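Those sequence lines, one after another, are chains A and B. In terms of my numbering, the first sequence has 145 at position 145, counting the first letter as 1, and numbering is strictly consecutive. In terms of my numbering, the second sequence has 79 at position 79, counting the first letter as 1, and numbering is strictly consecutive.
It is worth saying that the hints were derived from the structure and are not from the lab. These figures come from a predicted structure and were not determined experimentally. Note that CB positions come from ideal geometry on N, CA and C, so glycine has one too. Hints may contain errors.
As the list claims (entries may be wrong) - Residues from chain A that face chain B, not an exhaustive set, calculated with beta carbons under 10 angstroms: (1) Pro43; (2) Leu44; (3) Gly112; (4) Gly114; (5) Gln115; (6) Ala119; (7) Arg120; (8) Leu124; (9) Gly125; (10) Thr126.
Stated by the list, open to error - Some residues of chain B that are not near chain A, with every Cβ distance over 10 angstroms (derived): (11) Gln43; (12) Gly81; (13) Pro89; (14) Glu199; (15) Thr250; (16) Arg256.
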Amino acid sequence: MDSVIESLPKLWDGFTTTLFLAVVSGVLSLVVGTVLAAFRVSPLRSLRIIGATIVEIGRNTPLTLVFVFFVFILPTTGYILPLGRVPAVIALTVYTSAFVCEAVRSGINSVGVGQAEAARAIGLGTVQTLSLVVIPQALRTVVPPLINVLIALTKNTSVAAGFAVVELTATGRSLARDFPTDVLWMLGGVAFFYLVITIPAGTIAGAIERRVVFSR
Amino acid sequence: MNDASTTDEPIVDHEPTPRDQLGGPLVVLDGVNKYFGELHVLQDIDLTVHRGEVLVVIGPSGSGKSTLCRAINRLETISSGQISIDGVPLPEEGKALARLRSDVGMVFQSFNLFAHKTVLENVTLGPLKVRGMKSAAAKQEAMDLLDRVGVANQAQKMPAQLSGGQQQRVAIARALAMNPKVMLFDEPTSALDPEMINEVLDVMVGLAKEGMTMVVVTHEMGFARKAAHRVVFMDAGRIVEEAEPEVFFTAPTSDRAKDFLSKILTH
Ligand SMILES: Nc1ncnc2c1ncn2[C@@H]1O[C@H](COP(=O)(O)OP(=O)(O)O)[C@@H](O)[C@H]1O
Ligand SMILES: [Mg+2]
Chain A
1 MDSVIESLPK
11 LWDGFTTTLF
21 LAVVSGVLSL
31 VVGTVLAAFR
41 VSPLRSLRII
51 GATIVEIGRN
61 TPLTLVFVFF
71 VFILPTTGYI
81 LPLGRVPAVI
91 ALTVYTSAFV
101 CEAVRSGINS
111 VGVGQAEAAR
121 AIGLGTVQTL
131 SLVVIPQALR
141 TVVPPLINVL
151 IALTKNTSVA
161 AGFAVVELTA
171 TGRSLARDFP
181 TDVLWMLGGV
191 AFFYLVITIP
201 AGTIAGAIER
211 RVVFSR
Chain B
1 MNDASTTDEP
11 IVDHEPTPRD
21 QLGGPLVVLD
31 GVNKYFGELH
41 VLQDIDLTVH
51 RGEVLVVIGP
61 SGSGKSTLCR
71 AINRLETISS
81 GQISIDGVPL
91 PEEGKALARL
101 RSDVGMVFQS
111 FNLFAHKTVL
121 ENVTLGPLKV
131 RGMKSAAAKQ
141 EAMDLLDRVG
151 VANQAQKMPA
161 QLSGGQQQRV
171 AIARALAMNP
181 KVMLFDEPTS
191 ALDPEMINEV
201 LDVMVGLAKE
211 GMTMVVVTHE
221 MGFARKAAHR
231 VVFMDAGRIV
241 EEAEPEVFFT
251 APTSDRAKDF
261 LSKILTH
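Next comes chain A alone, as it looks inside the complex (with noise of 0.2 angstroms):
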């Protein structure tokens, strides 16, 4: 117990590290996420083929390969990235973005083809006729699976410990060393410290979730 107080301020820095994991690569997951899923309903078909290749590759591969793929093999390509907090962000989102797109399509498709349609019929392009027509409404069912999308990550942030990230799950990991007695109190420190992120993250989905709802 009192190895935890004392290992205090290195678990805070392994968590501000896997929140910032967390964050950074939630929103950008979300904006590439969105992006690929207007890629998915465009009307241009090259367009919708972008979109689910990258989103088949992103969901069909495991996490640490695609950690693999950013951390050691594209840096041979030429592409030098400093082992470290920015090949993380791009594998999390690469892999994560294709969740946010799948949950923002099935939600984009949830909204009735008549709500569109009445929305072109007035002059409204592609893109505000998704802005403003499509994307409000599709918000109201998009946003409990995006919030599921998002705690996967902060979970799956995790996996950036074994390429030389020290995040919450590297930090446990090193400390269970220092510690060999008290392994148990720190994995409890650990989770106690992921929960900080995840249980807000459902709280405030559910927040959300209230507010967007309207009647039909």
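Guided by the hints, dock chain B with the ligands onto chain A, whose structure is given.
Below, chain B with the ligands without anything else, positioned relative to chain A:
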């Protein structure tokens, strides 16, 4: 259909704009064909709608009326032929197409009001985002239109809180807010309870009298007789017959039109 509610009305021998005072061609379909896969839904359609003309399209279910209507603002692409509006061929995609659509009002069978916006916002969205109007002016104009279709007192409600007839009148106001050159109506009263049909038809008759160019898919003979200059009868993707309303309803020439009319009259 709900034709029984209007077919018994007295025949009004009044036409909005005398036929010989109609303007030049506004909507022109030239050799239009449309396939859905193997299905030949529109077959060699030649049709010209003149400025100020009210054209009623009638025909059995599946004859291609909706597809025809939707092709005119390119919600449905065509396989061959050409459609032009006010002398301009329909653009393929992008900004030019959006601009053209803003000049063509469309009213759907299922209303399609934006479910997340109030009645007022439904009407102002186009003027604000497509025409770039100022908010106050757009609101003022929208309120005038809502007043004209008789739902001004519902302006702050959500569409789901309105009756079908009210929703459809809002949809008409939404289309009118763009100052369209032509209005397309695809069975605007078919989804309505009988007691709400006339409140929508009255608005449409009013529009016709003001000289709006209209293409109306409907089986409402009362409306056709009151407001239409011409009736086009479609069957299996073709225009089989066209005539003035009185002539068409009292003395159809084709067997298919006779057969169709006998069916909707006995309902
Ligand atoms: N999106 C579509 N895909 C395939 N077939 C369609 C589609 N829309 C309509 N059709 C078919 O085209 C024909 C004409 O349909 P439609 O224009 O809706 O007829 P109407 O409005 O006269 O009832 C029908 O046989 C219908 O089943
Ligand atoms: Mg139809």
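Now for the hints, and whether the structure bears them out:
1. Pro43: With Cβ-Cβ at 7 angstroms, under 10 angstroms, it holds.
2. Leu44: Since the shortest Cβ distance to chain B is 8 angstroms, the answer is holds.
3. Gly112: Status holds, d = 8 angstroms.
4. Gly114: holds (4 angstroms)
5. Gln115: Since chain B brings a Cβ to about 6 angstroms from Gln115 of chain A, closer than 10 angstroms, the hint holds.
6. Ala119: holds (7 angstroms)
7. Arg120: Since chain B brings a Cβ to about 6 angstroms from Arg120 of chain A, closer than 10 angstroms, the hint holds.
8. Leu124: Holds, because the Cβ-Cβ distance from Leu124 of chain A to chain B comes to roughly 6 angstroms (cut-off 10 angstroms).
9. Gly125: holds (5 angstroms)
10. Thr126: Cβ of Thr126 of chain A sits 8 angstroms from chain B, so the hint holds.
11. Gln43: holds (24 angstroms)
12. Gly81: Gly81 of chain B clear of chain A: closest Cβ-Cβ about 21 angstroms, beyond 10 angstroms.
13. Pro89: holds (17 angstroms)
14. Glu199: holds (21 angstroms)
15. Thr250: Given that every Cβ of chain A is farther than 10 angstroms from that of Thr250 of chain B, nearest at about 35 angstroms, it holds.
16. Arg256: holds (30 angstroms)
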